[in-house]
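Undergrad: These are the residues of each chain, in order.
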Amino acid sequence: MAQARKILIADPDVNAVRPLTRALRQRGYHVQYAPDGSRALEVAVLRHPDVILFDENCRLIEARAFGQILLTNPRTDDIPVVVTTSSRELDKFRHFRDGALQKPFNLDEVLSRIDHLCRRVEAARELKGDAREIEGGLSQLPLPDLLQILAMNRRTGRLTVSNGTDKGEIHLTNGAPVNARLGEIEGEKALFRLVGWREGTFAFSPGPPSLRAPIQRMMEDVLLEGMRQSDERDRLLSSLPPLGQLIQLTADATDPVEPHPVTAEVLQFLRVPRRISEVLDLTNAPDLEALSAIGALLAKGHIEKVAGAELTDGPLLGAAEVHALRGRLMRGRSARTTLVTKVVVCGSGSRAGRWLLKALPGLTPASAEPHAVRSSFGTLGRLEVSEVLRVDLLVVPTAEAARPLWRPFVSGAIGALLLEETDAAVRLARYCAFELRLPLVIAAKSASHGMVSAEVVPAPLRGAPMGAAIVSTDISSVLRTVLLAALQSPPPEVPETVVSRFLGLA
Amino acid sequence: MTVDIEARALAIVGVNDIEILQERILQELCEHCGAQSGALWVAGERSGLRLRAWRGLIDRTALPDVVDPALVQASPWLAGASFLVPLVTSTNEVQGLVQLGDSLNGAFSDTLVSPAQRFGAFAASSLKTAARFALLQRQGLRDRETGAYTLSYFTDYATKEIYKARRYGRSFSLLTFSIDNLSGIRTRLGPAAARQAQQVVLKVISQMTRDADVVARAGEHEFHVLLPETDFFGGLMFLRRALASLGDDPDGRALEARLPFGLTGGCATFPRDGDDFDELLMRCRRRMEERRGSLHHQLHLDPLPFWEEVELLLGNARSPRLPDTAGEPARRGKVADVLFDELQLEVARELLREPGARGLVYVGGPLIRSDLNIVRGLDVPANDFAPRVYVLGKRADLVTHPTVTPVFLEGDEHLARHEFLLWLGDGLAYALLQRRGRGATWGFHTSDPTLVEGLVSKLQAAYDLQPY
Chain C
1 MAQARKILIA DPDVNAVRPL TRALRQRGYH VQYAPDGSRA LEVAVLRHPD VILFDENCRL
61 IEARAFGQIL LTNPRTDDIP VVVTTSSREL DKFRHFRDGA LQKPFNLDEV LSRIDHLCRR
121 VEAARELKGD AREIEGGLSQ LPLPDLLQIL AMNRRTGRLT VSNGTDKGEI HLTNGAPVNA
181 RLGEIEGEKA LFRLVGWREG TFAFSPGPPS LRAPIQRMME DVLLEGMRQS DERDRLLSSL
241 PPLGQLIQLT ADATDPVEPH PVTAEVLQFL RVPRRISEVL DLTNAPDLEA LSAIGALLAK
301 GHIEKVAGAE LTDGPLLGAA EVHALRGRLM RGRSARTTLV TKVVVCGSGS RAGRWLLKAL
361 PGLTPASAEP HAVRSSFGTL GRLEVSEVLR VDLLVVPTAE AARPLWRPFV SGAIGALLLE
421 ETDAAVRLAR YCAFELRLPL VIAAKSASHG MVSAEVVPAP LRGAPMGAAI VSTDISSVLR
481 TVLLAALQSP PPEVPETVVS RFLGLA
Chain P
1 MTVDIEARAL AIVGVNDIEI LQERILQELC EHCGAQSGAL WVAGERSGLR LRAWRGLIDR
61 TALPDVVDPA LVQASPWLAG ASFLVPLVTS TNEVQGLVQL GDSLNGAFSD TLVSPAQRFG
121 AFAASSLKTA ARFALLQRQG LRDRETGAYT LSYFTDYATK EIYKARRYGR SFSLLTFSID
181 NLSGIRTRLG PAAARQAQQV VLKVISQMTR DADVVARAGE HEFHVLLPET DFFGGLMFLR
241 RALASLGDDP DGRALEARLP FGLTGGCATF PRDGDDFDEL LMRCRRRMEE RRGSLHHQLH
301 LDPLPFWEEV ELLLGNARSP RLPDTAGEPA RRGKVADVLF DELQLEVARE LLREPGARGL
361 VYVGGPLIRS DLNIVRGLDV PANDFAPRVY VLGKRADLVT HPTVTPVFLE GDEHLARHEF
421 LLWLGDGLAY ALLQRRGRGA TWGFHTSDPT LVEGLVSKLQ AAYDLQPY
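Here the protein sequences come in this chain order: C and P.
Letter by letter, the first sequence follows residues 1 to 506 of this note's numbering.
Letter by letter, the second sequence follows residues 1 to 468 of this note's numbering.
One chain only, chain C, in its complex shape:
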């Protein structure tokens, strides 16, 4: 069982901390108390608590010195110190890594803050190297064997498995698998898919048990079922089109009467053409069942392959363009390997959204049926431009009543797409282009499936600070134009009075 977390509370007023102490003990924490800085230092060095709450009124050693002493000692430099104070001037504690809490505080909030700090410390300790207990290659030690070893030793922690760019993890509690993740997929479905991996590497890190436990079976059960499904899946795949094949409902197919729930789920996702791999990811059913359903639907003519739609699409941006765009997006942001940005879609979810989902290659829907399609508000899907850059397409409602949503959800976007010619969509596009100074691209003719017929930029959008362009070739070119336009620096904003003076209007 995991060791109880230790909290040190240093406060000269013992009565003031009693409710917090009681609440912490009720949650299973070990609480230590120190009335002054000197005693707190002694406890910190000898007992090594997980988190310290240090009141600024502690005598003998003041808060800043206390923090500095702990930082200079390698035994204590990783202990988070949160200063508690009755003063409103929290700014004077800005140099404290773990911040300050103003009294009186809400008990739930403090308990949650302590919990978050403990989790951070535990995660940091896990990463410190000694936590990686077992590492190796799946070709030497297949996953089923490894899982059996971990089950026999009743291990608790996380097993990470990598195969090229794919990464999965299996959470174990006392040797039993309680959860697994592979991208967006979770639970047994992810575990069954991982069990089929023959190549790749693994690493096991002991740690606290997972909070979520969607898998309820014992290890033997899971492994037997997983291996069976993996073998069957491989057999089935040999008789089906490749996973990258785009499939769709056959135009003249009749709806099957009361289909099996898995079949019904597959049919529901195929209301728009999708790749087989995408359908597998979206369905809740295990891969084997979803593949069987696809096989049967293909055989019976309910669905068909989309002719000439194999994976032949090139990347949207070249490496140098991705690098330049990433560099621009990184300005003022905290350093991250993968950046996610967004482009605003000006148009309704039911028309513009559906068209994008159907026509934009590589766009992964945000969920099986994105809200954005129904309500015209929300993230439609994500496009992986490269390993380090992803672009979300966000539909913002155009209605006047929804205007307060514009600024918060359009802020931070790198550009906007106009996909419909309605007044409302043009108003939103104008807001994006003029108020937030985003580059605007109008998808016309075949690029918008005829939703925009204009051949020139509509009058309300002319003279946009970052430009407004019309692209009518295809939707990929439209998005590429937006991304490239985002590389430019916006022209300096000039006050209206200056412009009027310059134009001789003042």
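Quick list of in silico lysine-lysine cross-link-like pairs, DSS-like style, CA-CA up to 30 Å: (1) Lys-6(C) x Lys-103(C); (2) Lys-103(C) x Lys-458(P); (3) Lys-128(P) x Lys-160(P); (4) Lys-394(P) x Lys-103(C); (5) Lys-358(C) x Lys-300(C); (6) Lys-334(P) x Lys-394(P); (7) Lys-203(P) x Lys-103(C); (8) Lys-164(P) x Lys-203(P); (9) Lys-6(C) x Lys-394(P); (10) Lys-358(C) x Lys-305(C); (11) Lys-394(P) x Lys-458(P); (12) Lys-167(C) x Lys-358(C).
Quick caveat, the hints were computed from the structure, so don't treat them as lab data.
Given the coordinates of chain C, assemble chain P onto it according to the supplied hints.
TA: Using the frame of chain C, we list chain P on its own:
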């Protein structure tokens, strides 16, 4: 080589601008030693040597912000693939440390030690002189009446800050404060009272600034504040505290008792709000105007506690129309039942697009359930997740969460009938307040930053929540 290093040393001796000097020291040493990467830590007003410049193939994230001067040796030394050059004056004061790496020649040679030591002595003396020069410059550039810096010094400083921020990929915030009704005070109470108003404002602002922050008087009733390495959210928090502190200040209260006296502020952040000083200033002023025109002021919402304000804003079908505002919009009326859930999901997605950006989100409703969209949407490791997200309501099946803070409110009647979502982020604000009724949901929503900040402050006060 000896002549070369002395020429380089002489070239830096005449540089008085400490920022340029730091860059030059690093450049000269890198060039002389054939280093493809370099970093410089310099002693300052605070303890330790602080990282001030870096160049080349350096990984910034791997560099410590502070180096203990006790670890610095008296003469240059090789440590692994790095060459470390202490900048020590003739009186043995450690003024800085240079770390050079990625030698063009494969490794740094021992023959570099002696010239680097001589250059280090020159560089240390130059740094000390430049620091004194900067101090003198600051002392000579203060406004006589208030003691704040003059606008010319501030503009010069801000220009250098933009250069630094651009070079090192950092952000900084510019704030503008304007004293409302100063001309009224001067006319009615005399110039002495007007001067007192300026001094009170300056005192309140100065109490909150750090060593590196710069406050300047920009005009009769206007002050600028520059907060280096501060994001928009940090600037906003500064603004909130400054406005609140003025209300708490006894001198400010005494003056206000004689005549209405207030402060309005605006904030802009480099690089997201602009690339040069004029653009940032214009954005600050525009935000200040937005604050003046906010519904918060028009409806005189300041004295109302949280739930009274919620009721007033929500109103009902017979309530008068909300006044039109020049700034961000507000709307009241029937709202779609799904909006509250969809908003939670979208806010969660927004936060995850940029998890390092700070922000505050409060979601209130009858029950704290684990299937709330905001809870499910943020089920991610907390390590690098900067925003603070709270859910308020009656306890259901959620106890702890890696990124969301549940605040359990048993028996709170307001929450049994209402739902709300308040969101303050990097340059954005949004609030949705709604009351579920039979058949229809009645709501109010706005992106007016002043109104949302007011609601957030009052909610924090009502439930003893932390300001950030």
